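Novice: What follows is each chain in one-letter form.
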Amino acid sequence: MTDAALTKAAERPPLRVRLKLRDIDGVTLLVVPAALFVLLLFIYPFAYGFVLSFKPKTGDLFANYRKFFSDPFLYDTILATFRLAIPATLINVLVSVPVALRVRRMRHRRVLTTLLVVPITLGTVLIAQGLLIYLGPQGWFNRALTLIGIGQVRLVHNYTGVMLSLIMSGFPFTFLLTLSYLTGIDPSLEQAAATLGARARARFFHIVLPLLAQGLAINMCLSFVQTFSVFPSAVLLGAPAGETRVISIAAYQAAYEQYDYSMASAVAMIMGFCQLAVVMLILAGRSFAYRGAAAGGKG
Amino acid sequence: MQQDKSVGERLWAIAVWALVIFFVVNVIATIAAVAVDSFGTRWFSSWLPAGFTTRWYKAAWDEFQLHDVLVVTFEVVGAVVLLSGLLGVPAAYALARRNFPGKQLVILLFLLPMMIPPITFGIPLATVLYQAHLGGNMSGVILANLVPTVPFVVLVMIPFIEQIDPRIEAAARVFGAGTGRLFVHVLVPLLTSGILAALLLVLVRTIAMFELTFFTAGPDSQTLVVTLYYAVGAAGVRSNQSIDAMAVIYMVTTLVWLLIALRFVDPTQIVTRVKKEAAA
Amino acid sequence: MAIAGRDFRELRLDDMSRNFGTVNALKGVTLTVRRGEFIALLGPSGCGKSTALNCLAGLLTLSSGSIWLDQTRIDRLKPEERGFGMVFQNYALFPHMSVRKNIAFGLSMQGRPKDEIERKVDEALAIVRLSEQGHKLPGQLSGGQQQRVAIARAIVIEPPLVLMDEPLSNLDAKLRLEMRAEIRRIHDLIGSATIYVTHDQEEALSLADRIVVMRAGEVRQVGTPEELYGRPAHADVAEFMGYRNQLRVTAARAGNQVMIRTGNVTLAGSAVEPFTEGEAVAAIRPEDLEVSANGPVEARTETSQYHGDYFYSSGRTADGAELYFRSDRRLTKGEIVRLAADPARVLVYAGGRP
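Chains as they are written, first to last, in the numbering used here: chain G, 251 to 549; chain R, 10 to 289; chain W, 16 to 369.
Worth double-checking, as some hints may not be accurate.
Stretch-level coverage of chain W by chain G, calculated; a stretch enters the list once three of its residues show a Cβ under 8 Å from a Cβ in chain G [unchecked claim]:
1. 103-114
2. 128-139
Partial chain G-side listing against chain W, Cβ under 10 Å, derived [what the hints assert, rightly or not]:
3. Asn392
4. Leu439
5. Glu440
6. Arg449
7. Arg453
8. Ile457
9. Leu461
No wet-lab data here; the hints were simulated from the structure.
Given the structure is predicted, the values throughout are model-derived calculations rather than measurements.
Glycine included, each C-beta is placed from N, C-alpha and C at the ideal position.
Okay, chain G solo, but in the shape it has when bound (with noise of 0.2 Å):
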């Protein structure tokens, strides 16, 4: 070799070493199955999905969308699902602000928190059934009512039902969320508002609410999306073939009752869409909130 290839070689680090500067090396590697197994088995499916709705048993490329969006049977879901999916949301995210208020000086909270974990932790499925007794013409909750002076009312195989179920087992995350979120503001903040003369409401309004918003945005999102897959509790507890035929029981039905699974991808794809959608919005009215952290500056 000649001099300057001799130098040149000198001056340019080994790749090891290269890479090593960029953080890459042998305990970076341990991520790549994790990683390769997410890549595998759900954004493949995602696209792989996403393309075999555009291909469609019979007709063009669209042929799937145009069915779904003229036929009422089928688009009629998406109304269906965000009539539970709305509702239910602003309940769960805004019941849990006072609820949240309050539990956030008590002092046995995790009595509390752990009590209103088990409904999370039982799913949906258990609820849904749950509720079928307890609800039922003949369930403790009727009885109750005709005890009080009120009568029947019809609350299971109907859009109440799923309502109920959804509040169930959603509350418990929005509100251990906005909780988590609460405890989560400086409270010499709320402090420094009442030497200056704020009183607990103006403290609320004024300080509170601000360094929660962009919590509570999340939460919805979260809750949002959460919501408007329900599907256990809208065919056990609801009117599947009525008020209730959420979108994601046609997803079901096209995929496992008429095998046609391109159609399926194509509902799911919708659903995931529409999720999309009142994500960004949400997002998007958060962008007017204050984004940052909710400390009050040094030490």
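Since chain G is already given, all that's left is putting chains R and W on it; use the hints.
Specialist: Structure of chains R and W alone, referenced to chain G:
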């Protein structure tokens, strides 16, 4: 803070607490209704059943082949717990300790399955699995259930690992430990409580995970929750008591593991760990 | 109309006490503060000074005792009803509001008209010398600037009393010195009474008109900086005020002096509080214990640190007592020196109680 309660404030506080108590009472009542029904002889027109019996449990055991179902459930859950740990913990370590180009993208990759609900990706996933001839049997069910749990383990473990002072690891390396021995002798002992917490949470979530198993299971690869769904769905207007017995068995299974998990983990972490990462 | 603290005659703390379960954080604090006074609450961590401040602000309720502003009893009032300004240790600036809005907050809670608010905010910004930063968010300011916004926010409401909870502890040394001067300047300007919590005796000495030294929830001594520096009332106060030499001695009266003995050394001192002949504590400031050719105390040098125009040294006597003293040359390790102190500067206290 000094707070004299005015009448208005007191009323509001009472109203909020009443709401909370109402909610909790209804949750307990719902669960109790299932349990009571499973032990009742006949229950049609009174507050409590006419008599009590345990025969529905035997009936359910036979009718729904609960022995097989429970075996399947635990095989699935066991495999999911093991595999998500094996895949997730090393990945979490890499993400906690290395700041490589594209790291944000990888974290997003792990966030997506957590934020998108199982139904939305479940059907395309099931389609792919069936195409690969993995649908309708245990491998398919296990693979499907791994999709949300691997990211879950990763996202839960990252903060745990970040808490360990990297200088401890540096010390181990200076004394001659390679990555393998570092894991076995230093990291895993320090991380045990975190790994245990994460895996217990995975266990509880997978037992209750309905949609993914529902879409990928065949007749002999159903978990308990799916069997329960089919039974309730087929029962018509009201589930009969053997179904309730099965439901109680399901409840006891989940709640026992929940109680064990709660010894290691705060209830809020089941929910917020993941969602906090989503917010970050 | 310039910003000026609201007029009052006196603030009276009457046997103020506060318990947390079985812990007595405050045990009967009694104090009177006049308008315009700068009072420092000084003591080590856990002495109750912050608890006292929070009780004054209304952020903690009193377990017993009372607080009076002239003829009005105020300890039952909520913080939003007391009208005191408070500067928090971590500043507690509202992160989602601009500097102007932060400062204006108290005034808008009072419902003042907009133009009056704007005027007063301008004035407050000028006082703390931050007129250019009004539109910024707290997150965009440095620590010292955030501090000044916190002060402006507290004084703009023209309170009779300004409460400060270790406001300088999160700043670096140089900034702390600058801000110290600023705080006193602003206090003099607006004429409110200021109650200032700190654990730094130097800060208290340089800022306060009177210092309240606290320990374990009790007031140990109230006095001017000169009194506390020159004549601390108890041994623990002396130690806190920098009398690093605390010798366990036997003391005996000799005329109007006190002879103290430790080991085989005898020194003359002056009594500060009544002591039983026998066990006593002698406190001497390192600056007052000097190397002197015929001094009564003999010590073997251990360290000698350069401090500019003198050396700060430490050593041990023959029977192991540790001493801190001054010298004007560097001493070598192991060097034997003789030390002396003016009897008026050797303060003798009752022994036993810490």
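Novice: Each hint needs a verdict: does it hold in this structure or not?
Specialist: Hint check:
no., hint, verdict
1, 103-114, "holds (count 9)"
2, 128-139, "violated (count 0)"
3, Asn392, "violated (46 Å)"
4, Leu439, "holds (5 Å)"
5, Glu440, "holds (9 Å)"
6, Arg449, "holds (5 Å)"
7, Arg453, "holds (8 Å)"
8, Ile457, "holds (6 Å)"
9, Leu461, "holds (6 Å)"
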